[in-house]
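Residue strings, one per chain:
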Amino acid sequence: MAPESTAEPPRKSTLAAVLAPVVQPLVAILIATCVGGLLVLALGRNPFEVYGILISGSVVGVPNILVTLQMMTPLIFTGLAVAVSFRAGLWNIGVEGQMLVGALLSGIVGYAIHLPWFLHIPLAVLAGFVGGALWAAIPALLRVYLNVNELVVCLMLNPVALLVTGFFASHVLKAPGPTNKLPDIDPSAALPNFSIYSQVNAGLFLALACCIVLALVNARTIRGFEWKLMGLNPRFAYYGGVDVPRRAIGVMMLGGGIAGLAGAEQVLGQYRAFYDNFSPGYGFDGIAVAMLANFDPIGVILAAFLFGALNGGSAVLQMMTGLSKYLVQVLQFITVLVLAAQFSWNWLRRRPVAALAQEPERSAAPDLAHPSGRQA
Amino acid sequence: MQEAVLPHKGLPPVVRMRDIVKMFGSFVAVRSAAIEIGRGEIHALVGENGAGKSTLMNILYGLLERTSGAIEVFGQDVHFSNPRQAIGYGIGMVHQHFKLAPSFTVAENIILGSEPLTTYQRIDRVRAERETRELSQRFGLNLDPRAIVGTLPVGLRQRVEILKALYRQAEILILDEPTAVLTPQETRELFATMRSLAEGGHSIIFITHKLREVIEVSDRISIMRHGEVVDTIDNDNVTAQQIAGHMVGRSVLLRVEKSVARPTTEVLLKVDGLTALGDRGERAVDDLSLEVRAGEIVGLAGVQGNGQDELVECIAGLRRPVEGNVAICGTGLGPKPSDNRDAGLAYIPADRGGVGLSLESSIWENMTIGHLPQFSRFGVFAIGKARDRAKQLIACFDVRGGEVEKPAKSLSGGNQQKVQLARELTRPAARLIIAEQPSQGVDIGAIESIHRTLVEMRDAGRGVFVVSADLDEIMSISDRVLVMYRGRIVANLLAAETDTEEVGRYMGGLDGEPFGPSAGDTGKGLADGA
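Residue numbers (the numbering used here), protein chains in the order written: chain L, 1 to 376; chain U, 1 to 530.
Worth flagging that the hints you see were computed from the coordinates, not collected in a lab.
These numbers come from a predicted model, not from an experiment.
Take these hints with a grain of salt, some might be off.
[To be verified] Cut-off 30 Å, straight-line C-alpha distance, at most; resulting in silico cross-link-like pairs (DSBU-like, lysine-lysine):
1. U:K406 with U:K391
2. L:K228 with U:K406
3. U:K409 with L:K228
4. U:K391 with L:K228
5. U:K391 with U:K258
6. U:K385 with L:K228
7. U:K409 with U:K99
8. U:K336 with U:K270
9. L:K228 with U:K336
[Stated by the list, open to error] Stretches of chain U that chain L covers, calculated by requiring three or more beta carbons in the stretch to come under 8 Å of a beta carbon on chain L:
10. 72-82
11. 130-140
12. 267-275
Positions of the beta carbon are idealized from the N, C-alpha and C atoms, including for glycine.
Okay, chain U solo, but in the shape it has when bound (with noise of 0.2 Å):
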């Protein structure tokens, strides 16, 4: 599979990468990862949030430095230990968050780092604004140098940011999610210049998970898993299923052991009629409705992106609905995050830095909050009585390396989510469990402690509810399996009587739309929201 045709037939490519590794500590981010990126191409990168996409090409930017492995750009063998020198050998990057002074003028962040000289060394501002207009110009790229970078439309300031690397004469440009903040117009136009430019002899790395865009406008694609490169494959005839199924993968076997499910007729969470907007104010979650009853393990599947994120912080507390109702064991949502805890909610969040653990602070620490009631006596904490209690924690939760009096980032990401499910569980109340990507960041032996955990739970008659990227998981341990789709439900499946390859078909979204007028869509036109 790695002698796909280049579009531009007979070049050496432009990039080499090979056997790449980099770890953070101990944890690997990248493993053994190797593309080769072609002159002229629109080269797609992806896989799912954590696959080492933005790790690998960072690594090639020169914001991070590989562990080992090698890298060529133009057939040079080259280490990078900052982006100047990456810069140097004619690589641009435009982050996901634009690098860009927002009081300054398009022209000045042009050239901000690079500026043109008057012979008295001061900076030659009618040069700089017409050369910011000449480039322009030259790229079909529309934009007035004076304008104020604060005052434009986010579409815009991604324009500025690839004028700013062209300028800096890069033949290789790498875009981060440049999607991700674009309305679908603005996605259109920025694909019209992603094709110019690559007609122009410009190579394209395009990372993103959103993978009808691929299919629209890339050459190639490079699919990563787990910090690999697993496949490239030509964008021929290639559907968004067969992406799905090689992103989502089946390189790790998980097996769980479970008998068969009982559920009750009690319903610990129901979701009716819910609507919810995300941080840019889309309809993220578009009048969604759900259920999961006590005794079962409902698995929630979707490609990343498709409102997953922003149903749970409803469920948690953490996100207002527009519309909707939320209940957790018959209450109502409150005001207030603790009062669904109360209810009987433990949620177990993907966003363990931030939401589930204090990093800085110790194990202890984190095990006790939300237990805060047990250890008061007229408000005089029993840190004692509440060492004691991680103690045994960590002993009946299997933490390994785990002291109570380590910080929390001391610890392996399965051993974080092991706190975090020791902490969550241990509250008599908690009869609903979610838990989200239980498994991102955490290695196999915890997986299965964690899986073996939950359905142990389900067999005492408590809910659980598993949102998660990697399809493997949601069919492994699943009772039932719901897939949701740009905001919405799409389908309601059995474990039993389906499998991996029916939910892609869901995931993917082309026989996945009963309710909306367009479900003869052929995968070819934009996502555009909803």
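With the rest of the complex left out, here is chain L (with noise of 0.2 Å):
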């Protein structure tokens, strides 16, 4: 035995183990792409040439660029909110409702406070934040002080999300006209645009600031190992001295206030006031950017990219050819559809083996957020 283990190299080859992470999600997206080649030749087109206005049409030339940077921005801020969550155990899906909420006091304060920019903006900007933040704090102390399932109350705070911040636009500070709006903006407000091509801002920079951030706090500092282990196993983590519930609930905000972050950018950099129902769904797509990404920080820049290439591409696609953008979806909806496959099979491929291989059973599974939750 002892001979075996010393004669082992003492590391795999290096190729492999970068390649590792990024297998599942390559793979993804090949299958992915293989589905809808044969959804494109069974509406009786040419795949490799719908394919090829999808990539002209997002990455070649300066406009179209300028399209997908502008595309991937919100995705970058709520692909990073739930990666943040995901990393940590939390099941953040409620990014939706916390962008909304963002972006609606970043459009209170964009309109109803007046600064020099220099103030206005970060003031703008920090709303956001703290608007996301704000309503994610509901489903984290709703967890943690009563275990209810972060995953339903995110959920369901949604819809209430968008009704509400509706109800904002349409009644008590609709700004005057037909549309469903808060009055623009200040310009002292509004994050500069660099483009007449697109409406890509600096909000750009700032999520791409922000994963790299993160991505330095989870590789770098205790509380990022702390999030980490909170996330493989929370009842280790907190009898190991991490203060388990308290971190659920800043790792819960932090994440929403991520997500806030990318409705104060579509307010301040894109469409410079509030509008209801602005949002086609960055917050859900946000999910699938986290998966897509392994909920690494960096990986949610790379899956924003794909993802807002696609739909910058799917415009192109809808004029150049007559196909429905809404094809860019069906690829987009069977690459998530594989990696769900690949994360539950990992899953269940690990599960029966550890249940089986030892008799105890101790008592009932630890509470994700509130393991000290036990008593009577």
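Now that you have both chains on their own, put them together as the hints suggest.
Right, dumping it as structure tokens:
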């Protein structure tokens, strides 16, 4: 036994080690591409031509690239919001609602307060963060203090957020005119644009910065380490001295805040006002982006780029071929489906062995964010 | 002893398992186990947790495939790779955790998987309900076929499971710890059902570790230990003590080199009038008091399920007591487990995969948790230092196959145990060490080194509290032995002045109830909680 362990090479081949985490996403994308190709074939079109248009429509030429960058910006925020929470074992699928509330607060601060730009922009952006964080605090507190499943609460709060923000946009703070929107923000609160081709704005850099900061936090700080252990085994983390309930509230609110930044970017950078029902579902796409990224902040950038490119290219596709732009959504959904299948497969494969290998079935499974909440 | 007389004499056994071996990776869960089940008998399969009872029966039911060995059912050689095949041979199993659809009715649950169909290939509900009713009447198991399973009490859900097996014409019923979830009344009803089924020619395999129940209901008893069936005996003038002796065994002679303990007067663990509820709301720990002093090793013996788990969880801060106090090095319990650790507790839990380790995480990560402040500089994590420390600990505690980056699950049980020890014992504040089942799933070599470490800790003036189901381990390592029975300490003995026989007697509980009125209990009565 002993010689075997000493004779073993110290590390597996580095290429395999580097590739391992990206294999699953790549396989998912590949399968989605093939299925999508068959779909296009069934519609009587040449899949290579269609994919060619999709690619050239998204990443060839400065205008197309700028549109892709515009499309990917909110997805970076929402993907990152989901990734941060999931990594700590919290199923924050309420990113859509958190984004809407953040957008509303940004919109209010943007028009109702008048300040020079170097104060107004940060304050309006901060308002977005606070709005999202507070909205996320609802499921987090319910989870920690009453042990209510955060997944369900998050999901149910999404339409609540849509209707509440809609009420503000259509009644309480409605701007004059036929559209359900808040008044336009002051120019001093607007995130600067860079080009006439698209509405890509300074929010993109904020998004990238968030990803880099969180990547560093995950890899290099005590907090990031604690989040990871919580996600892997909350009971172990709790016993080991991690204040799991408090960290759970913190990480949910951080995720919510990042989601709120997505809203701030949309309002301050793209629309220049809060519009009722402005989101085509960035919060939900964020879940897909985070899954594709395997909950890694840098991966989120790549995944958001892919989804943003698909969204950007889809408009060109529709114009040039008459194929519905929803074809792109089909591709995205298949990708997610394959990823989900891989995820479940891993989970199922791991479970029965663990359950049967040892007889002792100790007391009930721990609560995720509230391991101490087991008293009577 | 294999020549024990079957209740239905002259009939060949319905199940014969020989030389069964089951490995999980390098871990041997069952080693050359042999068992024979007669027609119409209630055959108890007893043993401590981890002895391999459930694994052996999961093999018979086709849930697990054996690594080697032979199984005969009704005289035919069989090899099941899934339960469906086992069901085809008339084997049914009721698991500890029911596998029922709670939102379905009783009848729907019973037919699920083998539905009666109408001529139009639709489910024949009328027939399903009729057959369910007939079946429940035939076996005297009253059940309303239309009741929603989720609304039924646990005892009735278990009936649904049993009926489900009978509906599939099971001749051999495996009941995996069926009484673990039942009230005493429900247990009594279950035993009546088991007896009537056995009289009707069904064979019942009854997995349990509650000895009183074994004596109460079974015809024969097979005892498993460390993956082997060590004995099969007729239930005839057997006492709970004898079975307990067989269960904990003397197969491994552990010898711990140690000097005489010199406990000081300093009390490191003081439990005072502690009462705590178990997961089902029973009084698992009942007005219990004990002390562990610096410089001694106190062993807590007892058949599993007598409240040891709950007691330790209370001390570790993972369960809230209902009444009473726990003080660690003079400090009362804090609201968080980390408070107790700061007070001086080092805890080596039995549940390595759940509480003690994060199996997916690397070894260095597992060794670092609980030491985080040491590696924090303004919140930045000094990963390099943490890795270096882990490397030293791996060498120091002799973790075989330990590379800092490898996940903890890649280690054997013994080496996982060493990772826990390394993490817990190196905290400078740690003065009270609680080791729960320290040798469970651990190979003999590692047991020795773990025991040696615990003795070293004692000699360094710390207090050690060992909770173990393995009586040999308790006897060999402890300076003082406490016996826990039904949530109470029933004996406090000096290890040097007692022996396994005496401790075993207290574990069986017969002369072990100096506090209760039922001291004259004969052992044929039910274990009805507290």
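Here is what the structure says about each hint:
At most 30 Å may separate the alpha-carbon atoms for a hinted pair to count; K406 of chain U and K391 of chain U meet this at roughly 12 Å. Between K228 of chain L and K406 of chain U the CA atoms are separated by roughly 16 Å; this keeps the pair inside 30 Å, and the hint holds. Among the hinted pairs, K409 of chain U with K228 of chain L is consistent with the structure: their alpha-carbon atoms are about 17 Å apart, no more than 30 Å. A C-alpha spacing of about 21 Å is found between K391 of chain U and K228 of chain L, which places the hinted pair at or below 30 Å, so the restraint holds.
In summary, the hint linking K391 of chain U to K258 of chain U is supported, as the alpha carbons are separated by about 29 Å, within the 30 Å threshold. Distance check on the hinted pair: K385 of chain U and K228 of chain L sit about 19 Å apart at the alpha-carbon level, within 30 Å; holds. Distance hint between K409 of chain U and K99 of chain U is fulfilled; the C-alpha atoms sit about 28 Å from each other, no more than 30 Å. Restraint check for K336 of chain U and K270 of chain U: the C-alpha separation of about 18 Å stays at or below 30 Å, so the hint holds.
For the suggested pair K228 of chain L and K336 of chain U, the alpha carbons sit about 20 Å apart, so the restraint of at most 30 Å is met. With 0 residues having a beta carbon nearer than 8 Å to a beta carbon of chain L, the region 72-82 of chain U misses the requirement of three or more and the stated coverage is violated. With a cut-off of 8 Å between beta carbons, the region 130-140 of chain U has 0 residues touching chain L; three or more are needed, and the interface restraint is violated. Using a Cβ-Cβ cut-off of 8 Å, 0 residues of the region 267-275 of chain U lie near chain L, which falls short of the minimum of three, so the contact claim is violated.
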